[in-house]
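Trainee: Each chain, written out:
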Amino acid sequence: MNLSRLWTIARLELTQRVRTVSWYVLLGIFALLLVGVTALSFLSYAPVEERGAGVYSTVVYITLLLAVLVSPTLSGNSINGDRDAATLAPVQVTLASTGDILFGKFLAAWITGLAFAAVAAPFLIIATLAGGVSAWMVIISVAILVVQIGLISAIGVAISGILPRPLFSVAATYLVVAALTVGTPIAFGLVGASITSEVTQTSRYVERCADNSDDCWGEDGSQVGEWVCSDWETYTWQQPRFDRVWWMLAPNPFVILADATPVAFDRHGGTVDLFGAVKHGVRSAQLAPELESTWDECARDYRYSNAPSAEEVIAQTVPSWFVGLGLQVLLAAGLLWWAWARTRTPARTLPTGTRIA
Amino acid sequence: MTTAGIVADGVRRSFGDVHAVRDVTLEARAGAVTGLVGPNGSGKTTLLLMLSSLLAPDAGSIRIGGVDPVADPAAARAMLGWMPDALGAWSSLTARETIAVTGRLYGLDRERSAQRAAELLGTVGLADLADQPARVLSRGQKQRLGLARALVHDPGVLLLDEPASGLDPQARIDLRVLLRRLAAEGRTILISSHILSELEEVVDDAVFLVAGATVSSERIAAAATRQRTWRVRLADRDATAAVLPIAQTLGLDAALIPVDRRDVLLAFASDATAAAGLQALVGAGLPVAEFSAAQGLLEHTFLDLEGGDR
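Going line by line, the protein sequences match chains X and B.
Numbering of the first sequence is given in my numbering, commencing with residue 1 and proceeding in unit increments.
Numbering of the second sequence is given in my numbering, commencing with residue 1001 and proceeding in unit increments.
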């Protein structure tokens, strides 16, 4: 690969893009959308003391959402679209290698996707000024956003090199992106709900005091008599085992973003922003249900156990974002390799129904 | 100097069941323009794609300036200028940028690319449109842009697929002059075209491609020596009146001599008999204003090969 040629190809792509008006219209609409989102999230996070984190996480999520929605159209026809327009072969016949072409187009698609992040930047700065946003939160969430946009661009460019028809490759890129974003929670929900375990709860309750009064508490609050307990009762039910399928959520871009970003908690250990809420939800799924539980109101050390706080859940569960990101990197790399094999010249086999030029 | 710029030996390529190129053996000399002639679907474009290093042959060998484009495509590409039949231009780039970007992709630095773009825009007559986006160019102008793009890295071997299509008469003449100049500089030029009369005026050699195979030189020689038709026009009378004196002079049956518009058509077995015929007509005092082969040699050979194939 040759960096100068790679960059020439990326610049060629970008030059063509910046000269189309529709591109600016799209960015303008996105800016307007962000004005609305930022204003509304300031209102909705009003009860929170430092609402910056809440607004910040919402804007980052909307940016990721838009990048995920738009990237397939920006990258999903970059190679086969050029072949259709007869502009691919004149590049292939130059000294630019197949790798230069693939990575040049990937770089261009990535930079194009990052334009959305650039439009979101002022809104992120406004959110940061509202307080509660740590430097690490900004650095890591932006890094993940940048990498995630890159991965989707890479998948789009690769699929456009694998499938011969632009329409199908854009659709296929959308399907892959949908599988990651929507498909993972669907699989998680369906599979998790279909794997069940029987939970047995044995319980007995306090019925009355031995002296037949309603309770055994004396007037000064001390215990004055023996409690009479009910018989032990056993309940069983089927409990979905989401703890066995939680990893299915790992490759989800939105989960990766939340899972990787360090989040803040309020004084009760609760979450204060969207990243925290998603992270808490995903991490909670790792906790195995108690299959045998005993509920004994008559026990001496009996007390109502509190559900663990978000902070506790997150502290006792494992992060999975690097696994999810790793899987996406493998997917993108595999698809790029396949695209390279399909686009290589001198071509030995051609995708059916295509002409090289 | 007769070093071969392009050598193909037993080249074969099929797409599934379609045998686009079955057996091509050809040699194109450096310093000469070689025409690639064949009917539609005879495999010309597939052959040019293989020569241009975009397509690998199933069998056979190709050498571009001594380099195998399958084994070392980069070295072959540095020597090759290729102009495709379906010409795609980056629609939002200007003509100047199109050539400069291509130069950059061929490894020229920024200044050299810009300089080559300026030179070539002048060479192909697009200087006035240099800073117009390619989408406003006409087909013929795009064709010239494609030629300029193929020349940007000063290649020693040129592969041109239908370069004259869409060009106006003046542009065709310019193209012919340019091709002759490029060949005179020692380049190897292989050019395919349907317009045989055009090709005739520019090529030194011709390669005939019929049904995916090159036609042997013996068959071409045989076709070329077969009977050809000549047009004859007399200065002082129209064609119908000219038939009788011509028939009498040459000892032919006047009823069997066809007439086409202003001309009388005569069949001669060879150039020598045609020359003898002309001598007889002039000797008989007939005012011969025109005496020319009705078809170019290429066209004659081409039609004969086509007919012979059926």
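Hints should not be assumed to be uniformly reliable.
[To be verified] Facing chain X, a subset of chain B residues (Cβ under 7 Å, in silico):
hint : residue
1    : Ser1014
2    : Val1018
3    : Ser1053
4    : Leu1054
5    : Leu1055
6    : Pro1084
7    : Gly1088
8    : Val1101
9    : Ala1184
10   : Val1282
11   : Ala1284
12   : Pro1287
13   : Phe1291
In case anyone wonders, no lab produced these hints; they're calculated from the structure.
Bear in mind that the values here come from a model prediction, so they are computed numbers and not experimental data.
We put the CB at the ideal spot given by N, CA and C, even for glycine.
Trainee: Name the hints, by number, that the structure is in violation of.
Mentor: Violated: hints 1, 2, 9, 10, 11, 12 and 13.
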